[in-house]
Amino acid sequence: MAAMIEVQNLTKYYGSLRAISELSFSIAGGQVVGFLGPNGAGKSTTLRILCGYQPASSGSARVAGFDVFNQSRQMRAHIGYLPESTPLYPEMRVREYLRFRARLKGVSGAQISRRIEQVNGQCWLAEFINRPIGQLSKGMRQRVGLADALINDPQVLFLDEPTIGLDPTQIRETRHLIGSLGEKHTVVLSSHILSEVEATCNEVIIIARGHKVAQGRPRELGAQVAGQSSLIVEVQAPAAALQAAVAALDGVRQVQVHENDGWLRVRVEPQGGNDLRQPLSRLIQQKGWPLRELRREVASLEDYFVKIVAGQ
Amino acid sequence: MGGAWTITRKELLGYFCSPIGYVVLVIFLGLNGYLFGMTNLEPGMEASLRPLFGRFMPLVLLFIMPMLTMRLLSEEFRSGTIETLMTAPINDAAVIAGKFLGALLYYMVLLATTLFYLIPLVRHGTPDWGGVVAGYLGLVLVGALYIAAGLLFSACTSNQIIAVICSFVFLALLAVITDWIAMNVEGTPRFLLQYISVGYQYGDFVRGAISLSSVAYFLTGTFFLLFVSVKVLESRRWR
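Just so you know, the protein sequences line up as chains B and U, in that order.
The numbering of the first sequence is this note's numbering, which starts it at 1 and goes up by one.
The numbering of the second sequence is this note's numbering, which starts it at 1 and goes up by one.
Read the hints as simulated data drawn from the structure, not as lab findings.
It cannot be assumed that every hint is accurate.
[As the list claims (entries may be wrong)] Sample of chain U residues facing chain B (criterion: CB under 8 Å; computed from the structure):
| no. | residue |
| --- | --- |
| 1 | C17 |
| 2 | M86 |
| 3 | D92 |
[Claimed, not checked] Covered by chain U, per the in silico footprint, the following chain B stretches (three or more residues, Cβ under 8 Å):
| no. | stretch |
| --- | --- |
| 4 | 72 to 80 |
| 5 | 95 to 103 |
| 6 | 114 to 121 |
Beta carbons: idealized from backbone N, C-alpha and C, even for Gly.
Construct the complete structure from the given sequences, taking the supplied hints into account.
In structure tokens form, the structure reads like this:
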């Protein structure tokens, strides 16, 4: 199956500032994809380019089978976009706004009322659909923005920070909604909150300072990181012998020994994805050293993300 | 131009839902009512709308039209709705055309309120219908030019105050200042300045004449300003 979104060497300069550089990825249809990165990583810039709001400085992109630059208008008929700040017209009523947006997106006259009823049900707008947008709370506005993005039943949905500024209940509801959208649409959402992406997405693209750092399923990325997790051991033993014995084990990359109130605290870094817990415990048993702790420091996706953010 | 009419409808309704639409309506009705009352309703006055269509009308419009146009695009930039607008399947020219028509139709609603003044004229005299038609046509053309200028400045900034001031200064130059300077110079400069002056071009309509060159002046001016507005809106793509 052809990719729903295909991005090649996308680069965007704002003046002399490079917002994104040589970004390439492809996304298959029917997925919920998380765009993860710290603030200023280039997430919004990338989404804006893919939505046809601004062009890239170089590179190419296809969305829903259309070239983002040369077939921008056809492409825009097949997408829904929720910008980060959820811009709406405060003087319009919700229903009136959705009607306006549906017309603008070329939904045929006969379909408009039916589509409004559908998004009304999907985004729980019923209680305020006849109220002016200016009177709505942040959470309600977010739902109206999402309803607008859905009004033309698009193939691809771009949601820029869809849960920012919501309270915990609303965040949960919105995540649930986004999860359910993945069945019919290809959803690309951006976020700087890792747990959000882990909870809603079946694929993650991590970007930092305009570069793609990693792409994969959250669990795969997690496993990749976990494979590099180090072991912490606290024993009482002669330091030099301990260091030598541990370093001699198969698959050990690095050993660090520290004195810690009468005990030796050893940090063992494995090579690749080796699990050294068993060999280590066997070694300590053989030597008869008193042991008070042996644990694996599981590097979570969170740690990985923090490392990337910190620029390591 | 798919979508242009959708935008026109939204903008037109927006004037009736916003304070600025009513502020402009009140100023317009107040000024015109006062002028009409002071000139036409006196004994022995001419049964025509000439005072209403008079040379100062471009001056009245000079003050009120920038208020009508200032928010058209500035507000979209300020609130960020420009992003949802421009990512809908609609092109830049349709956005400009829709906004322009919305403001023009609202302005024609304003003008329509002055049709009421024809009632006493018809009851108590015989107005010159040619003059009435020429006058209204002239006002629509002046209004269209002013709206196009206002729209251009609104497309340049996200600040409504800056948009209104720039439109006002630009229109003041076009409508009044060129006329003043023209009166103090001779020869070709005078001819050129008069030609670009709204006041001078509008003069024919006041006299009840529809001259092709004046109509051409207003139409080309309007289209030129709209064209530049489209280019300004497009320019955000290569920034």
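Hints, one by one, checked against the model:
1. C17: holds, 5 Å
2. M86: Holds, because the Cβ-Cβ distance from M86/U to chain B comes to roughly 6 Å (cut-off 8 Å).
3. D92: violated, 11 Å
4. 72 to 80: holds (count 5)
5. 95 to 103: holds (count 3)
6. 114 to 121: Three-residue rule not met by the stretch 114 to 121 of chain B, so violated; n is 0.
Checked against the numbered hints above, the structure breaks hints 3 and 6 and satisfies the rest.
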